[in-house]
Structures are given as structure tokens and as C-alpha cells.
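Colleague: Those sequence lines, one after another, are chains A and B. Quick note on this note's numbering: the first sequence kicks off at 118 and runs consecutively. Quick note on this note's numbering: the second sequence kicks off at 118 and runs consecutively.
It should be emphasised that the hints constitute simulated quantities derived from the structure, not laboratory data. Given the structure is predicted, the values throughout are model-derived calculations rather than measurements.
Chain copies aren't distinguished; within one or between two, either way the pair holds.
Below, a list of computed lysine to any residue pairs in the SDA-like style, where the Cα atoms sit at most 25 Å apart:
| no. | residue 1 | residue 2 |
| --- | --- | --- |
| 1 | Lys664 | Pro838 |
| 2 | Lys233 | Pro448 |
| 3 | Lys763 | Ala869 |
| 4 | Lys413 | Ile559 |
Protein chains: 2
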Amino acid sequence: MNEPLSPELLARIDAYWRAANYLSVGQIYLRDNPLLKQKLRLAHVKPRLVGHWGTTPGLNFVYVHLNRVINELGLDMIYVTGPGHGGPGLVANTYLEGTYTEYYPEVSQDEAGLKKLFTQFSFPGGIPSHVAAEVPGSINEGGELGYSLMHAYGAAFDNPDLIVACVVGDGEAETGALATSWHSNKFLNPARDGAVLPILHLNGYKIASPTVLARIGHDELESLFRGYGYAPYFVEGEDPAELHQKMAATLDETLAAIRAIQTEARANGFSRRPAWPMIVLRTPKGWSGPEEVDGKKTEGTWRSHQVPLARIAEDPAHLQLLEDWLQSYRPQELFDATGKLVAELAALAPVGLRRMGANPHANGGVLLADLKLPDFRDYAIDVPVPGAVIGEATRVAGSFLRDVMRLNDAEKNFRIFGPDETESNRLSAVFEATDRAFTGEIIDTDIQLSPDGRVMEILSEHLCQGWLEGYLLTGRHGFFSCYEAFIHIVDSMVNQHAKWLKVSKEVPWRKPIASLTYLLTSHVWRQDHNGFSHQDPGFIDHVVNKKAGVIRVYLPPDANTLLSVVDHCLRSRDYINVIVAGKQPAPQYLDCDAAIAHCAAGLGVWRFASNDDGAPDAVIACAGDVPTMEALAATMLLRAHFPDLKTRFVNVVDLMALQSPSQHPHGVDDTKFDQMFVPDTPVIFAYHGYPALIHRLTYRRTSHRNLHVHGYREEGTTTTPFDMTVINELDRFHLAKAVVDRVPRLEEHREAFSRFVDDKLAEHFAYIREHGDDLPEILNWRWTDV
Amino acid sequence: MNEPLSPELLARIDAYWRAANYLSVGQIYLRDNPLLKQKLRLAHVKPRLVGHWGTTPGLNFVYVHLNRVINELGLDMIYVTGPGHGGPGLVANTYLEGTYTEYYPEVSQDEAGLKKLFTQFSFPGGIPSHVAAEVPGSINEGGELGYSLMHAYGAAFDNPDLIVACVVGDGEAETGALATSWHSNKFLNPARDGAVLPILHLNGYKIASPTVLARIGHDELESLFRGYGYAPYFVEGEDPAELHQKMAATLDETLAAIRAIQTEARANGFSRRPAWPMIVLRTPKGWSGPEEVDGKKTEGTWRSHQVPLARIAEDPAHLQLLEDWLQSYRPQELFDATGKLVAELAALAPVGLRRMGANPHANGGVLLADLKLPDFRDYAIDVPVPGAVIGEATRVAGSFLRDVMRLNDAEKNFRIFGPDETESNRLSAVFEATDRAFTGEIIDTDIQLSPDGRVMEILSEHLCQGWLEGYLLTGRHGFFSCYEAFIHIVDSMVNQHAKWLKVSKEVPWRKPIASLTYLLTSHVWRQDHNGFSHQDPGFIDHVVNKKAGVIRVYLPPDANTLLSVVDHCLRSRDYINVIVAGKQPAPQYLDCDAAIAHCAAGLGVWRFASNDDGAPDAVIACAGDVPTMEALAATMLLRAHFPDLKTRFVNVVDLMALQSPSQHPHGVDDTKFDQMFVPDTPVIFAYHGYPALIHRLTYRRTSHRNLHVHGYREEGTTTTPFDMTVINELDRFHLAKAVVDRVPRLEEHREAFSRFVDDKLAEHFAYIREHGDDLPEILNWRWTDV
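Excised from the complex, chain A in its bound form (with noise of 0.2 Å):
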């Protein structure tokens, strides 16, 4: 092994390390005396203990390994922290750069600010023990663990000149979703793309036990990475002097290897996928803290996880071992009088927007450019009379889709992702501007697939989600397609981004970045072929439990609002926008324009399919594609059987309009949601997903006592398209009957009309038993004026 580093220059690395070390104990306890100039006294220790030392010192000496090479090397660098609460050391990190400071000029490079930098720390007011959207430098929350690694490769995507350094803690290295994000390598194209360098950080606990990688063996551990198609470095021990030489001589060789795999492949052209370096990192948990407490040993253990002092307060040894661990950094070393760090180790971290707080990747909405898009109009299907055309939506939104992948081409800020699904989705269209990408071996009757393609597909929607919140986070823009019942796997990620997006909407430095957007498609109603368990429409309901500032939902009911609603959804910014429309050939209604002013109004009557005169009789609405069918439908049915029957027909493209004002943005006024729900007048309401879900949008409105909506009620399995909106009564037949049931002046009608309804069902039930498909009636069936 190679000593690349001075004996100066290894001291002042090992000091920078203590003084990051020194900063990280001082925010989990001090709230007074944050330089030790006086002797340590209780009223100088927060009354509340909270925070996590385990796996600070491990990330601490990662940072200050790679501000080394980030000079040396002049590197754009990133650091990804995955561990859980590594809150201290990064923020005692980008405090020491100066970022910390630019950015909260309160926490100053004195002694008043390290006290408020100590006070803040897990503190009421103050900031959290995790890698939150308040740190500077930060992608990644760190609270939910495992998704490091597939932000890195998100990052790292199209931004060829940065290297993004993750660092995987043991713990989240046992998700599902750290597991399978090594595979991200086979999407990373050199030629194209920037690096990740992975360090997993073995400090071989978690919580209360060990963890799986620390102990399986270097062996089994080589052969792990080898076959992950990394090459692994490992760098293991206990002494700091002689870690810091293997450090620096590794990072050393891995980021030579890096350059010289980018090299070669920017000169002559992407030929095999390399074996990128990786490093394994094995020091003990909670390095340089107290060996041992109480007897029990605590370095390299899991008692270092949390708190490893906790009864400072109860005993006055606890509190003379915190002034040992801390006086054992030698502050006085580290920091000027006036608590200021010395010049000698300030000159160890990088300048300007090379330090890694400070790196604009890792702010991206101050990278962010609007994605040029083309005039979506120029894509719509022509409707000259609602109901008469069959248009495929998804299919249409491809075509625009890949017009957008076209203009942007030069840019290289807009990719595609989705679990293999988007050919089955229809947005086959996007293929003829670009492939797959895929950095794995490609075969001759292999098509659309190539290591330049802007499609992400790997069946994984985790790596989907992960890899296009690390793309966004760094100020670039896309699209999440996916069947809608599996999107679902992804249920907790979405949860922690709309929390980032939250948070750091209330953080000032902060720029907007683009919005998440899913098309959720192969939706409920046509997964009629795949059965139960493709039928899900419950990711609505999850997605509204967020803020209001952060959650839009759509459901355009046909090609030309899918459209509108795409169109808006790439402009806006830190959105989580959820799209849910089919992909099968069905009606189209609206015109071009109908759609634009429909999309814009968020809910709105249909003339066409409405011949009341301000007073109906009920008012049948709908939300979804399928919904809006049955309805109009029902519709006709009842307008063949009741003439003077007068409905009225609403649609609901925006849910979120249904919520009252002061709930969401979108909620419609009371005044306007009173005249088109008249109150005391019956709605028949046709919802695309679970029922409960527009009750619980709009019980503080006035009509809501006299809405009763249909929509799936968790039955389904393979049968016809038809049949599943049968056996959850949100067909034509069950919303008509609905209406009937609910207009006094339709009372005396209402048996023969059941009768009416009980023999179509009939009927319909022993057709497809019979023909295993639709009557030809439904399969037919188009709105007309009657």
C-alpha cells in the first residue's frame, strides 16, 4: 500500500477529521461552553439527549478524504449520505467549508455561532438528526433508508463531468431497494454520463444487532460486489493514521479508474460496460468515541448507535467521560480564540461551488431549465362531435412525448422512466426518438435498446422512482409511467419526497425543481385480463394524505385532456402530479379547446350530455376515463326511458377541485360547487377509484348529504372490461338505476326499471360466459343525442 500522503498533510487531514468529530458530539450535546473553555457543567448539556453518533465519524472521514481529491483533482463532486441520522457530520462538514454560513449567516464562524450550531441540532426550532432539505449539499433525506445509491445514479445521469460520491451504510444496505440499486450500473453510460463511486460504509451494526454484510466474509463480500459488476476497494481498520494513508491511496486509484473508464469510452465511443470502482469502507461504529460505558464496550458496537452517553444528567462519571471524548479532539488545536477553525485546516476544504455544500447539483432548481415542449395542440385528435371518435389516450400523450424527448435532445435534461412498461402503456412513440437505455450486453434481436437511450426501464419501481427523484433533485426534468395498481411499491418513497419538497419549499436557498409526474396507466378498469392483483386504484388516496401545496391529481377522460393535463404538468415545479388515464381505444369528447378550458376549470358541466335548465332532476358526475363512459351511458339510458327526465352531466378532471378552497388550491369556491351540485338534488357520482375517497374530499360541502358514488369496491379478477365495472355497480345499468332510485318523481317507475336493469345484467352475464367477451351493444356503444 502506497502513503500518498505527507506526514503534514496527514496530520492536518486527521485534525480537519477531529474537528468534524469535535463538531458532531458538540450539536448531539452541548448547548453551552461549545469550545470547552470551561470546565464541562451540566447546564452546558441539552436536557434532552437526541441524535446518533454510530455512524457520524465514518462520514466525517469519508468528507474529508474527498475535499482532498476535490482539490487535488479539481473535481465536481457530490456527497450522498444513505446512512440514517448523519445530520451532525454533514452539517458540521459544510460548517467548516463555510457553506453552512453563506447559507445561515445566524450560525456564524465564532464562538456564538457554534453555539447556536450546537443549541439547533435535534432541538425544537432547530434542525433534524437526518440529511434533510435543510442541509446544504443534500439530495437525500437519510430517514427512510435505502435509497442512496439510486439518487447517486440519478444524479450521475447526463452530467458527465460529476462524480457523485455515495456512501451506503451497512443498515439500509439489507432494503430491497439498496439491493437491487447496484444494478444501476448497467444504465450508466460513460460516454454520457457522470460517475458514482459507492463507498459501503461497513461499521457492521444497526440499531441492535449486527449487520448481514459486516458478517459474511471478505470473500463472500469480494464476490458479492464482483458479481454486482463492481471492482472493489476495500479500505478496513482502525487506526486512524493508517486509514487515512489507505483512504487517500484508494480514492486515489478509483478515481483514476473512473477517469480512465471515461476516457477511453469519450474518446472511441461506449464498447462494454466497465467494471466501476467501488470502495468497501469497514471502521468500527462510532470511531473515536467512548470505548467503553459503564463497563460495556461501546466503540464498534451497537451501543455507539444513538446516544452512547445517555445518563449525563444521573451521573456525574457520564459527564466527566463527555468532556474526556470531546477534550480528546483537542478543540484548542482546531479552533482560534474566537472559535474560529484555523487557517491551516479551513485551506483543506475546497473553494466556491466546489465545496460539496455548496455544489449547485445538489440545489438543482438553480440548474433548472424549462424543458422546451411543443405546441401540445398539434397532437390533439380531431373530435368534431363528442363521442364519435376512438382515440387511444396514452398513445396520443407518446406521440407528444416524444416530440418533448426530440427538443430536448441537445439539453440532455429529459428521460423516461418505468418499470418495462412503456410499450404495454402505449407510448410506443417515444421509441422513434430514442431507445432503452442499457449498458449490458445487447444482442442482434435486441430492439430499442442501446447504452444512449433516454428510456429507463428495469422492473424494479423503486429504481424508477429512485433514479428520477436523484434526476430531478439535480435540476433535470421527467416522466413515470406505470401500471397503476404497482405504483404502490412506491408508496413510502413518494411519502419522503413530498416531505423533501415540503421542507424545502420552507428552506430560502432552496430552489424549486421539477415536479414528479405519473401517468398511471393499465389502470383498474382494464386490467380486466390481468385480474386482482393488477387492480388497484388506491395510490389517489395515499398520494392526498400529503400537503395540498405538493399533491395534484388528474384524471382526464380522454386523449385531448391527457394531453392538456401532460403539457401542464412538465411546466410545473415541485409538484407531485398523479395522471390516471387508459390506455385502450375509447370515446373521445372534448375538442382541443373544450379540453384546454375544461383542464383550466378543473370540473365542469357537459352541455352535450346535460338537458337541464338549471333545475335537473339529478346530476350524474363522473372522474375517469371508464366512469365518464358509464355515465354518459347511463345517460343516454335514462334519457331513452325518461324524456323528461333532466340530468345534468358533470366531469371532474382535476380531483382536488372537488376539496374546498381552504383545503387545496384547486377547490372550487362553495358558491360554484353549490350551482353545479345543486344542494337537495341527487349526484350520481362515477369515481375512478375507491368511493370513500370523494366523500372524504367533499364533506364540507353543502350537497355532499345528498351524493352517492360508485366507484371500485375491491372486486375483481380476469374477466371482461365491461364485467368489472359490473360486479363494482359502477356500469351504466347500476348508475342509472342509482339515478332512478333517487328522483321522488321517477318513484313510480323505479321496479320496472330495476326489472329493466336486472335483465340487461342477466343478459350480459350469460354472454360473456357464453362468448368469454362483451355484447357487441357495449363493445359498440357511442354517445349520441337522443
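Dock chain B against chain A, hints included.
Modeller: Here is chain B on its own, set in the frame of chain A:
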């Protein structure tokens, strides 16, 4: 390579495989002429072709080879089918072995039965394309991908004589859940548990593109599995005769290796984790199907994924190709003129319960024995006066669980699952009865860790969930404790398990299994130290979308109610039970008898906290431990300020009691509801989670319009416990103010009370920012009658 199959046996195995393939293709395509006695006509073909061929021949290949070794070695084996849409293959094989007809006598072993078998597949009123609950021998859906291997391990735990063959699709192998599942071998003890034989089926393609593992080369693939701790065996090729020999030889070797591992461990005790064998089976996608369709290579490509010949109705050449394909299996050699499988082939299948479709482990309810439960009353906290005693609910539950563990030690049918949080969630008493399970390296300083442990901890909610599902599905019992926020990681798995339970209740031969019970603790209100990322109570919202017959949700307010609920849940069958309860020291309200009565009622008036005489001015309701405490404190405040105010206090422990009985079997009837929540009387409801859920559950109730819910408003950070309630307006002051604001006769006091509340909150904010902890009057609050 040795050739263990005689030419005669090889021929028979190949014929059996052809029979299974023939039946699979028949299911996808045919509705008549099942033995091809007539020239194939369009009328014989289903009008709507839905199904998936690609993975099926490989699944069939594995099945017949497993049949051979089951017979030769007398194995007790089940078959877990990972690849999506494997339905036709498993249905075909269970039909061939006779199981299918035993479960479904109408699908008889003759031509008429064959016709039914073919027609029902993916047909209205028939069966789905996945290995769903309807398929004999299945414990795994195959609809949402990624859970096969964790189910397989769950099945193998504590089943020493069982071998679980688990076919993993190379598509599903890309999922996070599957990628971390390979590490399950660090938790399997050969002395105590059965074996899992993973068979990675590389057929190379997903829906539209190649799989990652098929394109990384042999060396990386081998390294990967060695790194995961396996001894990989490769069976690769496309010539059936050659592959039959290779597969047979490999199965002989791998089963011998398993037997050797088990024999050694059982003779000498567990010493070190062995390298368990696994098989990589690389065969063409759609093997034995059409080589080329319309000039495009089909066998061996993604074009075989679904229905390789889709245009039968439009193109007579496709009809001919289909007939050629079916005839290529030479059905006349396989079935006699009546349609019965010829005897020499039928003899290849195992008999009785050794048939994989009939193995009782795959219908776990038939093996299920009641858990022995100690009397939970023995663990109850003494609560002489409501609110005076402090207790830690989960710690008390931990003592009960410890003795559940001990009582069932001999049966080995109970395990506890959780992501490294058993200790953190204060269930530590269980470690007096058992350890954490681990077969990785164990070192001197480790505690509570052993290959014989029955607590399953890994930092992967997916694995905890999947292992537990596999364990329950094979007829055992379990308990899952988890941080509340992160249970969302398995939202989609819960969906699939709920769907499985719903369907299996409709399958007469499926017997009830033990419920899946969650204890969600470290909940939103006490994640003040971990911050916003750890604060999410939305899992309840997620589960209530599933069928009411399957879902139960409990919010016990204290230790004794928690005990009663846990006891109840461990006795239940076929449910998903969600229990939310805190782990922190908190006031106790109900003695054991009161707790039992309260839990049995689901919700009820707490007389000790009520002073109404049947006509309250306001109802104060609550669900959840922290909301209960705040609601009681609000009640005390109101009594102190307004001694004449009549309030009624209602606590809800069984959340579904709030729903109408028409919506959930636990719903209390409307009369009782209206007696408790008096119509036209303001109800201030303090709820644990997102407030909208209470509206959603109660919108049909008369008193819904008087209901004002306080709960989690998605506001959080690192702060004090009480401050968490303040920023979400769930604290005593906001609750009391909500009452004052809504009781008409307090109108004149509103302004003054509002000032009082403002002052108290200002005092709170000032104090926590100065002291970092809550006001002593908050920390020391106790319920006392005023």
C-alpha cells in the same frame, strides 16, 4: 455431466413436459376441440386471447423434474412460482397429477374436463392467469412480482422436513424485494429449518426487453450468487433431451448437497452457515413455442411473453401455426381417446399429499394449530384510578409475547418479525425467551443473537413482511412490530396479501390461516426525536381500502387495552390486524376488566371523564394513545374553566366500529352511535392519524355534520413530544378551544378563552426554545377529577 435418466425415463419425462405444455397452450387458446380430434377451426379458439406463454414451458420443465425427485427421494416439497402469469403451467401440472380434479371435480380427467380446463382460463367466471389462491399448491400470487423467495424462506422456517423449490423469474429478480431476498440464507438454520432450493429461471426477457441478469455474463452471475452465499449450479441450453439430463443430474446433486448440509447440522449442531445450492436455469423464453411469427423471431425473445400468435381471427396462417404448435406436442401420445392422461405418464407424478398441488403446507390452514396463549390478564397493569399510574404499553405487551414464545416453544410455530426494532419498540422481554435468528458470523460481543433465535430482524420491511406471509400461509403464527411510518414500505405487499385473503375465503378448500398482525409503534406522535421523515400515520388509510371482511384496525389507548387487543388478534384468522400503540411511558386509564369490556365494545363512553347527564353540551372523542391523553387534558381544562359545561368523553379502540354496519362488520349500529355521538351536539374528535379518515368512516352517520376532527396535518420536525401535538393542533389547548368555539352557550367566553390558549401556547413555545423540553406541567400532567 452424468446422465441419470435412462432413455425410457427421459422419454417419459419429456412426454410429461409436452403434456403440461399442451395443456398450457390449450388454456390460453382453446374453448373447444381439446384433443384436436377435429381439424382446428376458429370456432374452437377463444375470442379474446389473454394469457402469458413465455414463462410457462420453463415452469412445466421444473415441475416434472421435481416430480421425479419427490418420488425417487421421498421428498416433502412445495413449489413457489415467482414469474408472473405462471398460472397455465401450474394449473396444467396440478391437473396432470390429479389434484386439480380433486379440488374441482367438474374439471374431470376426460375430454369434457379438458374442455372446461381450457375454457375457464382467463375467461369470465373462470380463473386468473396468475398462481392465485384458486390454484392448488400455491402460496404465492405471482401478480405483483418479487416476493417468491421470501415466501419460500418463510415457508421453510421451522419446517425441517420441507424443501421449498422456488422458481425466481429473471424479471422479478430485478425488484428490490427479490434482490435482498437472497440474503435470507443468513437466517435459515439447517438444524432446525427446512431448505429452500432457488431456481433462477433466466429466460432472458421481460415484457419488452431483456432482463439484467441474463445480460451480465456467466462470471458475474456466478460471482453474484457466490457473494449471496450460494453454490450456484448452471443448467443452460435449449435442446430438451440434453436439458432433461442436465436438470436431472443437477437436481440429484443439489438435493444431495441439501441433505448433506442438513445431516451434518442435525447430527452435530449448527456450526457455520453453509453455501446452500441454487440453480440457474437458462432456457429460451417461450421454449417449444412458435419459432417465428410473421417473419419475426419469437421463441427465445420477448415476443413470446404473452400470446405469441395473437391474430388468429384475422389471419388463417396464424390458425394453422397454432394447430401445428399444438400438434407438435403429439397429444394423441399423451392422452387416451377419452382424454385421460396415459397411465405410464400419470405414474410419473407423486401420489397423495406428496403431489405438490396437494401438499398441505401450501394450504396452511389445514396444518394450523391454535397458538397456546397465557392469560393476558396476568400481565395487566394495576390501575386503581384512571390516569394515576404510568406504564409503557409495548413493554407490557412484550412480557405477554415472551410467554407466548415460551408456551409454544415445543411446537415451533410462532415467530416475531421486525426490522431491527424489537428492542427499540420495547418488546425486549421476548429476548428472555429467545434470541434474534442469525446464521452469519456471531462474535463475542454479540448478545441476543443465535441460529436458534425466533425473532426475525433485518433492516428490510419487505423481508419481514414476506417471511411472515410465507410463515402464515404455511400454517403458523407470527407478529410484526414496526415503526409506524415505515410500514408504508410494504403497502403493496399488504394489498396483495389482503387480496389473497379475500379470494381464499371464497375458495372452499382453502382453510383459514392465522391473521397477519402488525404492532405499529414508535408512532407519529413520538417520533419527535427522529423528525419529519419518521412521522406518517397513513398506513391505516391504506388498509381500510381493502375488503372490510379482512381488515381490522385497533388504537388501544393504554397498556391493558393493548394486551386485550393483542390477545384477540393472535386468536383471529384470515385478517390483517393493524394495532397502533405507543412505547413511551404514559398514563394508564383502564383496569383489566374495564379494558376487556371496552375492547369488546369497540368504542364507549368513559364515565370517569364525562359529566353529562344524557344531554352533553359537547362530546369529546378520541382514538389513539396520545390523542386520548390530550383529549383528557382538554376535558380537565374545560372543567376548570367552565364547571357547568357538560361534556361526554368517548374513546374509540376499534376504529372500524365508527363505520356503518353495512360497511364493516364491526360497525356499531346507528341507534347506538347516535346515543353516543348525540346529533346536533358538537363532537370534537382527537384522532391519531390524518383527520380525513374519520370523516371518511363516519360520513353516513347522522352526527357526521357536527364532527370536527383534529389529527395529524402533515406538520412535523425534530421537536418535543407535546410540540408535535401543538403544531398539528391536536393538543389540549386547541381541543379545548374547539369545544368552546362550538358550544353555543359559551359564546361570550370565546374571546377570553382564546386569549388564554394563545398565552399558554406562547409560554410553551418560549419554554421549549429555551429548555429544549416540554413544560413541567405538561411532562407531569395526570388526569384528576376536577
